[in-house]
Amino acid sequence: MRRLFIFGLGYSAGVIAERFTAQGWEVISTGRHGTLGFDDEGTVRAALADAAAVLSSVPPGGEGLDPVLDRYGDALAGRWLGYLSSTGVYGDAGGAWVDESAPTGTGRRSARAECDAAWLARGARVFRLPGIYGPGRSPFDRLRAGQAHRIDLPEQVFSRVHVDDIASGVLAGITAPPGAYNLADDLPCPQNAVIEEAARLAGLPLPPLLPLDQAGLSPMARAFYAENRRVTNRKARRVLGWVPAYPTYREGLRAVLAAGG
Numbered sequence: 001m002r003r004l005f006i007f008g009l010g011y012s013a014g015v016i017a018e019r020f021t022a023q024g025w026e027v028i029s030t031g032r033h034g035t036l037g038f039d040d041e042g043t044v045r046a047a048l049a050d051a052a053a054v055l056s057s058v059p060p061g062g063e064g065l066d067p068v069l070d071r072y073g074d075a076l077a078g079r080w081l082g083y084l085s086s087t088g089v090y091g092d093a094g095g096a097w098v099d100e101s102a103p104t105g106t107g108r109r110s111a112r113a114e115c116d117a118a119w120l121a122r123g124a125r126v127f128r129l130p131g132i133y134g135p136g137r138s139p140f141d142r143l144r145a146g147q148a149h150r151i152d153l154p155e156q157v158f159s160r161v162h163v164d165d166i167a168s169g170v171l172a173g174i175t176a177p178p179g180a181y182n183l184a185d186d187l188p189c190p191q192n193a194v195i196e197e198a199a200r201l202a203g204l205p206l207p208p209l210l211p212l213d214q215a216g217l218s219p220m221a222r223a224f225y226a227e228n229r230r231v232t233n234r235k236a237r238r239v240l241g242w243v244p245a246y247p248t249y250r251e252g253l254r255a256v257l258a259a260g261g
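Numbering (the working numbering), first residue to last: 1 to 261.
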């Protein structure tokens with residue numbers, strides 16, 4: 001049985017694990033929902049020795065250091081490597097389209113960009129992800145909790161991806177050459193459009209439209225609005241043969257609602 005070792009079994013990696021398990025893989029993992037402790041070095045190394053593939057979703061540590069490469073990098077040679085990164089490595093593009101050839105490291109995700117580059121140097125398939133949504137993590141949840149926002153920035157656009165499409169992209173990457181791949185849907189758009197569609201589908205009231213300075217956002221949330229870009233998925237379609245099941249937020253939101261979201 002082929003073994004996939006996942007460092008950091010969180011939201012997206014959990015769905016990836018389910019997809020690989022359904023394809024006959026054995027999955028072993030660290031993380032809060034994982035089977036091993038990250039610091040249980042002897043057991044982790046023993047499991048890595050029998051792994052055909054290794055995927056990391058662990059975020060950067062201090063000063064841009066990657067915790068997985070720092071501790072277990074010497075045990076990864078000769079294996080398929082994957083890394084869940086962020087399209088935030090591209091920084092602000094003023095609303096323009098960006099692909100995998102765009103420069104990285106100029107935006108707020110500088111530490112992530114350093115880890116992204118370190119995994120690429122190891123020959124990994126680096127999956128750059130925009131805003132992630134799906135069951136249990138969607139605009140419906142934020143609307144019901146009173147945490148959804150509509151910000152009066154009509155020219156601000158974002159890309160996003162359904163968690164199931166992340167899983168299918170990583171699975172397709174098993175037979176793909178090393179490199180960076182953007183896994184994003186086909187329709188970058190303002191965040192307000194997504195919130196408005198979710199409210200319409202669920203019959204929930206819309207939050208007020210507010211200027212950024214009056215929305216009471218956390219510093220992290222405000223930083224989200226400091227960057228503006230459209231992310232293309234053409235390379236993933238061409239090289240991975242990946243086609244998103246949810247090409248826009250409209251199909252994705254309907255699927256989340258149908259799943260009980």
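To be clear, the hints were calculated from the coordinates, so they are not data collected in a lab. Just so you know, not all the hints are guaranteed correct.
Taking CB as the label site, the calculated pair distances span [as the list claims (entries may be wrong)]:
1. Asp-74 to Trp-97: 20 to 26 Å
2. Ala-245 to Leu-206: 47 to 53 Å
3. Gly-260 to Met-1: 27 to 33 Å
4. Glu-18 to Ala-145: 35 to 41 Å
5. Thr-43 to Gly-95: 43 to 49 Å
6. Asp-74 to Gln-23: 39 to 45 Å
7. Gly-78 to Met-1: 26 to 32 Å
8. Ala-202 to Ser-110: 22 to 28 Å
9. Pro-208 to Gly-94: 26 to 32 Å
10. Glu-41 to Ala-221: 33 to 39 Å
11. Ala-121 to Pro-59: 43 to 49 Å
12. Asp-39 to Met-220: 23 to 29 Å
13. Ser-218 to Gly-260: 26 to 32 Å
Source: prediction; values computed, not measured. Backbone N, C-alpha and C fix where the C-beta goes; we use that ideal spot for every residue, glycine too.
Looking only at beta-carbon atoms, does the pair Glu-18, Ala-145 fall within the given range of 35 to 41 Å? Hint violated: Cβ distance 26 Å, outside 35 to 41 Å.
Assessment of proposed distance window 27 to 33 Å (beta carbons of Gly-260, Met-1): Holds, since Gly-260 and Met-1 (Cβ atoms, about 32 Å apart) stay within the stated range.
How does the Cβ-Cβ distance of Thr-43 and Gly-95 compare with 43 to 49 Å: does it lie in that range? The hinted range 43 to 49 Å holds for Thr-43 and Gly-95, with Cβ atoms some 47 Å apart.
Asp-74 paired with Trp-97, Cβ distance criterion 20 to 26 Å: 39 Å, violated
Verdict for Ala-245, Leu-206 (Cβ pair) under range 47 to 53 Å: Given a distance of about 28 Å, which is not inside 47 to 53 Å, the answer is violated.
Could you tell me whether the CB distance from Ala-121 to Pro-59 stays inside 43 to 49 Å? Roughly 18 Å apart at Cβ, these two residues miss the hinted range, so it is violated.
When you take the CB atoms of Ala-202 and Ser-110, is the distance between them in 22 to 28 Å? 37 Å, violated
Given the hint of 23 to 29 Å, check if Asp-39 and Met-220 actually sit that far apart at their C-beta atoms. 27 Å, holds
Take a look at whether the Cβ-Cβ distance between Asp-74 and Gln-23 falls inside 39 to 45 Å. 29 Å, violated
Gly-78 paired with Met-1, Cβ distance criterion 26 to 32 Å: 18 Å, violated
26 to 32 Å was suggested as the range; check whether the CB atoms of Ser-218 and Gly-260 agree with it. Because 28 Å falls inside the window, the suggested range holds.
Confirm or reject the claim that Glu-41 and Ala-221 have a C-beta distance inside 33 to 39 Å. Distance hint for Glu-41, Ala-221 holds at roughly 36 Å.
Hints 1, 2, 4, 6, 7, 8 and 11 from the earlier list are contradicted by this structure; the remaining hints agree with it.
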